[in-house]
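Colleague: These are the residues of each chain, in order.
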Amino acid sequence: MADLIELDRLVVRFGDVTAVDGVSLTVREGELLMLLGGSGSGKTTTLECINALVTPTEGVVRLRGEDVRSLPPHALRRRIGYCFQGVGLFPHLTVAENVGITPELLGWDEARVRARVEALLARVALPIEEYGDRLPDALSGGQRQRVGVARALAAEPEVVLFDEPFGALDPITREQLQAELRTLKEDLGLTSVFVTHDVLEALTLGDRIAVLREGRLLQVGTPRELAEAPADPYVTALLEAPRRALDRLS
Amino acid sequence: MSVDWPRLGELMLAHLRLSLWALLLGAAISLPLGVAAARRPALERAALAVASVIQTIPGLALLAIMVPALAALGAFGLELPSIGALPAVLGLTLYSLLPMLRNTVVGIAEVDESVKRAALGVGMTPGQRLRRVELPLAAPVIVAGLRTATVWTVGMATLATPVGASSLGDLIFGGLQTRDHGAVLAGCLGSAALALALDGLIRAAELGARTRRPRLWAPAAAALGALCLYALASPLAGLAGGERPLRVGAKPFTEQYVLAELVAQRAGAPTEVMRSLGSNVAFEALAAGDLDLYVEYTGTVWTALMGREDRAPREALNAEVEAWLRDEHDVVVVARLGFENAYALAVRSPEDGGPRITRISELAPLAPSMEVGGDYELFGRGEWRSLEERYGLRFEAQRTMDPTLLYEAIDAGQVDVIGAYTTDGRVAAYDLRVLEDDRDAIPPYDAVLIANGAFARGRPALIARLRTLEGRIDDDAMRAMNRAVDVDGETPARAAARHR
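Top line first, the protein sequences correspond to chains R and L.
The first sequence begins at 0 in numbering that gives the first Met the number 0 and counts up by one.
The second sequence begins at 0 in numbering that gives the first Met the number 0 and counts up by one.
Just so you know, these hints were derived from the structure itself, not from any lab.
Since the model is a prediction, treat every value here as computed from it, not as a measurement.
Hints are supplied without guarantee of correctness; some may be wrong.
Claimed, not checked - Some chain R residues close to chain L (C-beta under 8 Å, calculated; not the full set): (1) L52; (2) R77; (3) Y81; (4) V86; (5) P90; (6) H91; (7) I100; (8) T101.
Unchecked claim - Listing some non-contacts, in silico: residues in chain L with all C-beta distances to chain R over 10 Å: (9) R6; (10) A27; (11) L79; (12) E112; (13) V114; (14) A341; (15) R384.
Built from N, CA and C at the ideal position, the CB exists for glycine as well.
Using the sequences and the accompanying hints, generate a full structural model.
Modeller: This is the structure in structure tokens:
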């Protein structure tokens, strides 16, 4: 598989604080890469370097081999889907308008936008006839998150960034959405980077997992590789937690 | 007490024009400034500080200060009218800034952080984020600021009258002076109705747009648009081209209203009487050519304008005043009208429980147990210092009040002495005794019709007609006219017309 995104020795400093400390990582075409870490691990900052919400102090992010700084930020972001925990649906726009915003910014014609929005809303189980004209306030938390996913996918992005999108949902809704995301990914051949602090979520969803701690990349590999050959005591400890939980169930 | 409907309608339209001009200018300044300030904390602090300071200036002072400010621009070769609509609109514009500016900054700052992040995340440029997300979401707050500014500005526009712009304030200021309570009420209610109507239209337009109800917002927006177009179609300067009418000024008391009407009638030319100008506003406007004529008093020129504290005999003083006006300000004395309206001290007559005295020197020993009332100017004027020094006057208390209330206050025994005008009809009506100035503390106050020099040279025939007023109004005639308005409720124009 070809590398779609390459993070090359990224360093991000905010004043005296080093949030990301020399992270090098590649995202392969069609994979779902998890960025796993606790708070302060630098996982979100790393993610935000990809769509230029954060400018790295040192290092380069390349999309298809091209330095992302060579593009105007808004043009770059129209090629990258983005979905985060607060969702940030536009409260003054309907569900359909929210989903269609990036295609519209890209200048798609109305019919194409409409067809795309309709297809995506159907994919996330919010049929346009029933939900399209609603305002975000009239949706449940899980429904809003689904709209957020649909919006991130709307403009046929080359890669989608997820920043703990399901963090605030109840466990059952979360599991449901995780399953839906997995299906979406398989069906669409989606490339995505997914930030989480939840080991189980990482193991459930991820093709590969990158473990971050205090701004450093400890290890990257498939769930099996991490389980069989943890490169760091922290990785071992992380993977112990779900194992212990399972033991108590059996 | 009947309502003059055509005049009320005219004044409401004039009031509306002033208010809308100011609001549109204010919005044109504060909205872009607010947007810029929302992203720049230093600019936000500076802009809000300036707007807040402006807000603390009393409204009347803010408008009045525009007159010398505009006149001063003349020194830089920028000839703008310093009285009338321009200073009023500028003052009102400054006053309208704060609510709109503050609400724009706050409205944008309060847009949810995750929504701002999403706007960037979906690929909006900063401009698109502003137009498509931040402004629509901040709109209710910004519109609330606009509505506050609207109500304030329409209310404040009544203060345009003293700087020479027609507004509903004409009814209020004039009505207070001539004790026409119906006019005062009409002015207040008219201004309140305008404020509520504009506020309602803006609210309907915003609510309709936010809830996507075109049947609500479309008519409201159309009505607002039409009103704004109407206001903007009337030129701000109000005197671009064409023969403009004669402009006669009047300070804010009855005698001045009557004399302005008299001058207008005698001039026999289209005339605009600008009532209720402040004392200094009137003179500055005349010197700047924004006013053609008004009646001044030699003693006022001597003390207030020339700043003289010494005293001179009548003829010498009048000659010196005339020379000073001509040489320093190119202002000519057209006619000496023949009466004097001096400041004087008046007490109740002995029959009404007043002291048995006839001269100010006799008042001095009684003063420490007496209260004195004066109009807005009296205690700040040179004559008052002069009275205090020459007679050793020290009163128990000094009270400043509106001239219309002075007479009722002394009649009711709430003050013992008042600063009165010798020609005021109410001195006789309330049976007051004017005390003789036996130590010449107060200069002569001969009424003189004065004109802007350039105007006088340009209209010799008209000036010749006005010169026939020389010596034609004596103290008794003036007192009778004042009395007709103040006591009998005549209009100033009618009282003036009866004089022959």
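Colleague: Now tell me if each hint is right for this structure.
Modeller: Status of each hint after checking the structure:
With 8 Å as the threshold, the beta carbon of R/L52 comes within range of chain L, its nearest partner Cβ sitting at about 6 Å, so the hint holds. Checking R/R77 against chain L by beta carbon gives a least distance of about 4 Å; that is within 8 Å, so the hint holds. Taking 8 Å as the C-beta contact cut-off toward chain L, the hint placing R/Y81 at the interface holds, the least distance being around 4 Å. Interface hint at R/V86: satisfied, since its Cβ lies 7 Å from the closest Cβ of chain L, which is below the 8 Å cut-off.
Checking R/P90 against chain L: minimum C-beta separation of about 7 Å stays under 8 Å; hint holds. Because the smallest distance between the Cβ of R/H91 and any Cβ of chain L comes to about 5 Å, under 8 Å, the interface hint for this residue holds. The criterion of a C-beta within 8 Å of any C-beta in chain L is met by R/I100, whose closest approach is roughly 5 Å, and the hint holds. Restraint check, R/T101 versus chain L: the minimum CB separation of about 5 Å is within 8 Å; hint holds.
Remark: the non-interface label on L/R6 is consistent with the geometry, its nearest Cβ contact in chain R lying 46 Å away (cut-off 10 Å). Every CB of chain R is more than 10 Å from the CB of L/A27 (nearest about 25 Å), matching its label as outside the interface. Chain R leaves L/L79 outside its interface by the beta-carbon criterion, the shortest separation being 43 Å against a cut-off of 10 Å. A Cβ of chain R approaches the Cβ of L/E112 within 10 Å, the least distance being about 8 Å, so the stated non-interface status is violated.
Against the 10 Å criterion, L/V114 falls within the reach of chain R, whose nearest CB is about 5 Å from its own CB. Chain R leaves L/A341 outside its interface by the beta-carbon criterion, the shortest separation being 69 Å against a cut-off of 10 Å. At roughly 64 Å from the closest C-beta of chain R, the C-beta of L/R384 stays outside 10 Å, upholding its exclusion from the interface.
Checked against the numbered hints above, the structure violates hints 12 and 13; every other hint is satisfied.
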